[in-house]
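Here the protein sequences come in this chain order: A and H.
The first sequence finishes on residue 234 if you use the working numbering, and the numbering steps up by one all the way, no holes.
The second sequence finishes on residue 396 if you use the working numbering, and the numbering steps up by one all the way, no holes.
Don't read these hints as lab results, they were simulated from the structure.
Take these hints with a grain of salt, some might be off.
What the hints assert, rightly or not - If you want a taste of the chain H side facing chain A, the calculated C-beta under 7 Å gives, among others:
hint : residue
1    : Gly76
2    : Val95
3    : Tyr104
4    : Arg110
5    : Arg127
6    : Arg173
7    : Tyr174
Glycine included, every Cβ here is placed at the ideal spot set by N, Cα and C.
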Amino acid sequence: MEILHSWSENMPGLGPLWLSVKLGLVTTGILILFGTPLAFWLSRTRSHAKTIIEAMVALPIVLPPTVLGFYLLILLGPNGAIGSYWLKLTGETLTFSFGGLILASILYSMPFVIQPLQNAFESVSRGFVEAAATLGARPLDVFFTVVVPLGARGFLTAAIMGFAHTLGEFGVVLMVGGNIPGQTRVISIAIYDHVEAMEYGQAHALAAMLLMFSFVCMFALYFINRRWRHEH
Amino acid sequence: MSIEAGHVAVSLSRPDFTLNVDIRVPSHGVTGIFGASGCGKTTLLRCIAGLEQGARGSVGFNGDLWQDGDHFVPPWRRPVGYVFQDARLFPHMSVARNLEYGRRRSRVTPELTSPEEIIAMLGIGHLLDRRPAQLSGGERQRVSIARALLRYPSLVLMDEPLANLDAARKHEIMPFLDRLHASLKVPMLYVSHSLDEMTRLCDHLVVMQSGKVLGQGRLHDMLMRTDLPILGGGEASTVLDVRVLDYDAQYQLSRLQFAGGEIVVPGRHGDRDCPLRLRIMASDVSLCRERPQSSSILNIMPAAVESRQAETGGHVLVQLRVGEVQILARVTMKSAEALELVPGQSLFAQIKSVAVKNSAEQVAVDEANNRETI
């Protein structure tokens with residue numbers, strides 16, 4: 003990552019790419035960390051709250067990014083519920099900062115991480131969980147030795163989808179983050195800027211990169227899925 | 023009566039099914055839980071293992087209460103070895119790692135059978151590096167049995183381990199179960215809907231129907247009962263434990279010893295002293311006052327009448343004593359009167375056919391016997 007960083011500093015055009023990659027990695031990491039218990043709970047619970055939480059998780063799929071961005075702008079702004087608290091705590095505003103961008107990306111990419119995880123956990127048969135319990139494994143032990151390995155494909159799908167989706171976000175970033183180089187000027191914003199400024203050459207370079215990257219992600223996903231199906 | 027190790031009194035209500043049982047688990051031997059599909063046998067095992075959280079009642083074993091009122095010991099703290107009908111080997115682990123899974127999480131007492139012995143007993147040493155997906159159904163079930171035993175349980179629970187296997191695979195596993203029966207030091211509950219498996223493997227029997235226990239007791243006593251129509255269509259039978267004496271290669275007959283004398287069966291059934299179990303249907307035993315001088319029946323032995331009991335359909339069930347064992351004979355009422363059967367009377371019992379229940383040649387013998395009786 004350091005290499006990429008120094009490389010991008012020498013090539014100013016790649017700054018937004020580096021920022022996007024950083025945003026994607028941090029967002030995906032946080033989502034997997036906190037999304038795993040939520041997804042596991044959703045896969046096992048019979049609670050009535052399940053439906054409403056599932057609907058809330060899926061909401062960003064259908065919500066226009068500008069709507070999500072608008073409410074986040076209000077919420078994270080210096081007078082917003084979260085923004086004002088953050089301002090008091092750190093002395094900085096959440097809007098138009100990398101921190102705010104991460105928060106927005108987490109919400110925006112949430113369904114793309116939670117849903118594959120939930121599907122993976124649901125596909126792990128209760129039978130294996132019961133067998134592990136009768137062999138002396140406590141629930142957390144069962145989770146790490148049986149559920150996670152058997153749901154490994156779900157983690158991979160979640161990571162690829164979460165990362166790729168964060169990399170492609172535009173509307174939410176524009177609303178919450180604006181266009182600050184090195185702070186919030188991610189690759190999709192940079193492309194938009196270049197097009198606005200009629201710099202089609204630079205726009206081409208970044209757009210082609212994103213296109214290639216997205217294709218590689220999707221290809222990897224389907225390739226791994228196919229391999230996995232053959233093995234089991 | 024053997025010493026009781028466990029007492030299970032549980033009830034469980036589901037919209038379409040109610041389980042309400044009270045069973046006792048003897049401290050030694052195999053207890054068969056017998057009944058038709060859907061009678062609650064599996065649910066009962068699951069309650070004992072702690073896999074049914076909706077179960078009410080009490081489960082006690084070896085002086086420990088696993089469940090009583092609100093007290094509920096979770097499944098991972100109950101020392102049971104559970105063999106599931108569908109094996110449930112972890113697909114992402116090799117056979118060796120599957121076997122280690124339970125062992126690493128259990129307290130191992132040194133005097134118990136070593137892992138190597140268990141692996142050898144089940145004949146799975148050559149499979150250790152394989153993945154479950156590369157195993158046959160029979161091999162999978164053997165690994166699953168070894169995995170449960172390597173937990174070093176105080177109670178083994180087997181849920182129809184043969185139900186998903188075809189006849190050939192069943193006969194592949196049965197000898198391993200026989201070996202297990204002979205060497206297992208802890209009690210085992212064996213669920214099945216096959217009376218054949220039960221007669222072969224079990225020492226005690228619990229008969230279930232629609233979530234209730236119809237009767238329980240020693241296998242030998244249970245099979246002599248005629249009030250349990252679910253057992254062999256209401257036909258009583260005798261179970262004899264025997265040992266092989268010798269084999270006559272010329273006539274291909276095995277001579278077997280039991281507490282009442284000797285009995286001859288066709289086929290070879292293991293070496294000298296090999297323990298076998300025989301099942302003799304009451305209707306395959308006929309009676310005569312004098313020893314028949316010439317008869318095609320090989321097994322004719324002196325017996326004494328202990329009691330007689332009228333059965334429906336013009337039959338009489340006669341309880342005989344042969345040496346130290348009891349044998350049941352089912353004769354017509356007319357024959358019973360012609361023989362003037364009274365308790366204490368001495369006569370001769372002719373045994374027409376014998377089913378040998380545990381040996382590799384069991385199938386062949388059963389088939390031969392079937393042909394003979396038809």
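Which numbered hints fail:
1, 2, 7
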